[in-house]
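In the working numbering, the protein residues as written are 121 to 229.
Any given hint might turn out to be false.
[To be verified] Have a look at the derived ranges for each label pair, beta carbon to beta carbon:
hint, residue 1, residue 2, range
1, Q229, S164, 55 to 61 Å
2, A187, F132, 33 to 39 Å
3, T139, R184, 20 to 26 Å
4, E151, N214, 17 to 23 Å
5, L217, E137, 53 to 59 Å
6, R173, L199, 15 to 21 Å
7, E137, W213, 34 to 40 Å
8, S226, D130, 16 to 22 Å
9, D159, T133, 22 to 28 Å
If you're looking for bench data, these hints aren't it; they were derived computationally from the structure. What you are looking at is a predicted structure, and each value in this text was computed from that prediction instead of being measured. For glycine and all other residues, C-beta sits at the position ideal for the given N, C-alpha and C.
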Amino acid sequence: MGHLEVVSADAFTVLAEPTRRRILDQLRDTERSVSELVDSLGVSQPAVSKHLRVLREAGFVSCRIAARQRIYRLDPGPLRAVDGWLDPYRRLWNRHLDALERHLDSQEQ
121 MGHLEVVSAD AFTVLAEPTR RRILDQLRDT ERSVSELVDS LGVSQPAVSK
171 HLRVLREAGF VSCRIAARQR IYRLDPGPLR AVDGWLDPYR RLWNRHLDAL
221 ERHLDSQEQ
């Protein structure tokens, strides 16, 4: 099954939590420290740390130590696996939308 095995129900459980998705959104363009995430999200430091731990254990983020701060960055690997799993469904929807467009076009003529 290839990359399909990599996407487990755990990945979807991790991504289902809105604060975790917001953290991933914050990390999409740049690395951030925990304090930067706390400030930008308006969530307590313990809550942000808890969500970061879940994201790190699931492989969605990694961190490095700089001075006395943990700096987090997005790891796109698990997201690529989710995207790969979603791809056949995306193609299915595109086929259906193309068929609908053809049908609507034929009704206009």
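Broken hints, by number: 4, 5, 7, 8
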